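**Student:** For reference, the chains in residue letters:
Protein chains: 2
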Amino acid sequence: MKVKTKDGVKEMRAVWMEGDDVVMIDQRDLPNRLNFFTAKNHIDIHRSIKDMMIRGAPSIGVTAAYGMAQAAVKGADMEEAAETIRSARPTAYDLFYAVDHMLTNMGDDPIKAAEKYADSVAAKCRAIGEHGAKLISDGTRILTHCNAGALATLDHGTALAPIRAAHGSGRDIFVFVDETRPRLQGMRLTAWELNNEDIPHAIIADNAAGHYMQRGEVDLVIVGTDRIAANGDIANKIGTYEKAVVANANDIPFYVAAPVTTFDPNTPSGEDIPIEERDPLEVLDIHGVRIYPKGSPARNPAFDVTPNSLITGFITEKGVFSPKELSRMFD
Amino acid sequence: MKVKTKDGVKEMRAVWMEGDDVVMIDQRDLPNRLNFFTAKNHIDIHRSIKDMMIRGAPSIGVTAAYGMAQAAVKGADMEEAAETIRSARPTAYDLFYAVDHMLTNMGDDPIKAAEKYADSVAAKCRAIGEHGAKLISDGTRILTHCNAGALATLDHGTALAPIRAAHGSGRDIFVFVDETRPRLQGMRLTAWELNNEDIPHAIIADNAAGHYMQRGEVDLVIVGTDRIAANGDIANKIGTYEKAVVANANDIPFYVAAPVTTFDPNTPSGEDIPIEERDPLEVLDIHGVRIYPKGSPARNPAFDVTPNSLITGFITEKGVFSPKELSRMFD
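The listed protein sequences correspond, in order, to chains A and B. According to this note's numbering, the stretch in the first sequence is residues 1 to 331, in order. According to this note's numbering, the stretch in the second sequence is residues 1 to 331, in order.
Worth flagging that the hints you see were computed from the coordinates, not collected in a lab. This one's a predicted model, so the numbers in the text were calculated from it and none came from an experiment. Mixed in with the good hints, there may be bad ones.
The list treats identical chains as interchangeable, and a pair is accepted whether it falls inside one copy or across any two copies.
Straight-line Cα separation of at most 35 Å, DSBU-like style, residue types lysine-lysine; simulated pairs [claimed, not checked]:
hint, residue 1, residue 2
1, K116, K10
2, K294, K2
3, K50, K294
4, K324, K10
5, K6, K324
6, K294, K134
7, K324, K50
8, K294, K40
9, K74, K324
10, K10, K294
11, K294, K4
12, K324, K4
13, K50, K112
14, K112, K318
15, K74, K134
16, K50, K134
17, K318, K74
18, K324, K294
19, K6, K294
20, K74, K294
21, K324, K40
22, K112, K294
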């Protein structure tokens, strides 16, 4: 991804190695400050993941792979390093996968093995971008929700990859960025990524997405996803379901961009995906400012389920598939 | 409405007279502090409306009527007082109506005339509550958007009037309160009103409304409106359209509560209602905290249009009407 720094525009990923160091953009400080965190050992790696300096399953996986390589070249106890890194987030599949992958595959050049893992993650996202860009013409106006960007996926992004690719090939596009309450990942992170690439966009309150769809000002919706069930239902950031319903009511194509590994054939349908309820203070306090009346409770579901009937297609590194083609893929 | 004060729970309206003073709840300080503003003359009245200490068309109308009564009993130049009060908000129909009404009707007891005007406003809202409460049973879970409450309508509210009436008659209800970005009137004002009345509720991010509708946890949606076109299309706070589409997709009744004066037979349909674009900083800065990346623009439509096809009925002081009955009313 491109990042505007005080020394000009630089090409960088969400995390990388410099010698034995693992360096990452500290995402907690975005968009107001571009700070970097340097992990010197697996304790630092654990902390960077746990404290959400780095977030997004693919970015976390690569950080873990780099952390394992670092531990190996520094002569750390590999079992202890693996245990420390694994324990950073309790439910992150990519984290466990990357640690195990490194234990099995790192051979006698651990850094090379980790770079290979990282490159394969970036290559998938680049391919998602190339396939998805075919859906975007000159003049296309796209709505996206949350941050399915390069920060979360090491590089390119999932939902943002087709947008980057279309812009990169010179197409004149416009992106509506849902602010994505309660945690505002759209306003903070997606807008930051688009701004760095000089892709024309505007931040909108989540409430305004329907208005622009109704007015015919949105041609295409692209979102990411955390999990795709066997029947093509998806779980994604809260609010995705509403956008899909309104897109459907206005005959606007609704696409989900994700690597094939996000498909989970062991989850039959969206009903089988548990919805995490997070701290109500994420709704009630905005950046430390209390806005709600004392005594009023809140509820804070982090995800919702969008049924396959509302999804036009899945943009993957292997091409674009309709929900029906997806189920054939599992059969 | 009931208001919890440090001296216990008190019954009060959004604005009232004490002798020659016009006293109001300063809504800018809610929900964190309950402060009152006392207007001593028509300059103060102008400022209270202009600075949004008082808001909502019916509450503004009553404030103007009281301001005119105050000017009369204090021997002010009535033409000057009328001009000063009228100029507080450029497009507020109720404001102009109330000033003209007082000039014509105040006779030799201006305060009595203003109280009569205020009581008629409150009586309409009370009647909306009685008619709307028939739609609410024991166990009904209601979703509302923005603040169509007593603060905006002097007393009872429009969308909140049926909720108050049902709770007042002992029914066990629950209210989902959309926070209502960008200005958060749901989180700040609706939750404050419900909290004062001990009506069970939870604040949710606007994005979560669809999730609860999809899960079968919402039985009824009630919203207010700023204008009802002749064909039954309505304009209301941005986000209302999305809630209506999702309610419709889930077979949840969607009602609009408003006094009959909100019907505008001179506006043929929603397409004829201009949508105000407000300051992008309402989206970008939340209570003075800058969250967006420098250089990212925002768009901020204040209202959207909900078509009559998505509206189950209108709750008015004259009863509940379907959109089709409404058009017959105009014929």
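**Student:** If a hint holds in the structure, say so; if it does not, say that too.
**Tutor:** Consistency of the hints with the structure:
In this assembly of identical chains, the alpha carbons of K116 and K10 lie at most 35 Å apart only when taken from the same copy (22 Å versus 69 Å across copies). For a Cα distance limit of 35 Å, the shortest separation of K294 from K2 across copies, 16 Å, qualifies, whereas the shortest one inside one copy, 44 Å, does not. Taking the closest pair of Cα atoms, K50 and K294 come within 35 Å of each other both inside a single copy (31 Å) and across two copies (28 Å). Neither within a single protomer nor between protomers do K324 and K10 lie at most 35 Å apart by alpha-carbon distance, with minima of 41 Å and 60 Å respectively.
Taking the shortest alpha-carbon separations for K6 and K324, neither the intra-copy value of 48 Å nor the inter-copy value of 62 Å comes in at or below 35 Å. Taking the shortest alpha-carbon separations for K294 and K134, only the inter-copy value of 31 Å comes in at or below 35 Å, while the best intra-copy value is 51 Å. Neither within a single protomer nor between protomers do K324 and K50 lie at most 35 Å apart by alpha-carbon distance, with minima of 38 Å and 57 Å respectively. Only between protomers do K294 and K40 lie at most 35 Å apart by alpha-carbon distance; the minimum there is 32 Å, versus 44 Å within a single protomer.
Proximity of K74 and K324 under a CA criterion of 35 Å is satisfied in neither setting, with 49 Å inside one chain copy and 76 Å between copies. With identical chains, the CA atoms of K10 and K294 are at most 35 Å apart between copies only, with a shortest distance of 18 Å across copies and 46 Å within one. Taking the closest pair of Cα atoms, K294 and K4 come within 35 Å of each other only across two copies (11 Å); inside a single copy the shortest separation is 42 Å, beyond that limit. Taking the shortest alpha-carbon separations for K324 and K4, neither the intra-copy value of 41 Å nor the inter-copy value of 56 Å comes in at or below 35 Å.
Taking the closest pair of Cα atoms, K50 and K112 come within 35 Å of each other only inside a single copy of the chain (25 Å); across copies the shortest separation is 66 Å, beyond that limit. Taking CA atoms no more than 35 Å apart as the test, K112 paired with K318 passes inside one copy only; the shortest distance there is 25 Å, against 77 Å between copies. Neither within a single protomer nor between protomers do K74 and K134 lie at most 35 Å apart by alpha-carbon distance, with minima of 45 Å and 73 Å respectively. In this assembly of identical chains, K50 and K134 lie within 35 Å of each other by CA distance neither inside one copy nor across copies; the values are 37 Å within and 51 Å between.
Taking the closest pair of Cα atoms, K318 and K74 never come within 35 Å of each other, the shortest separation being 37 Å inside a single copy and 80 Å across copies. For the homomeric pair K324 and K294, neither the shortest alpha-carbon distance inside one copy (49 Å) nor that between copies (42 Å) is at most 35 Å. In the homo-oligomer, the alpha carbons of K6 and K294 lie at most 35 Å apart only across protomers (14 Å), although the nearest pairing inside one protomer, at 43 Å, exceeds that limit. When the C-alpha separation of K74 and K294 is checked against a cutoff of 35 Å, the pair qualifies neither within a copy, at 52 Å, nor between copies, at 40 Å.
Within a single copy, K324 and K40 get their C-alpha atoms no closer than 47 Å, and across copies no closer than 70 Å, so neither meets the 35 Å cut-off. In the homo-oligomer, the alpha carbons of K112 and K294 never lie at most 35 Å apart, since the shortest distance is 55 Å inside one protomer and 37 Å across protomers.
Violated hints, listed in ascending order, are 4, 5, 7, 9, 12, 15, 16, 17, 18, 20, 21 and 22; each of the other numbered hints is respected by the structure.
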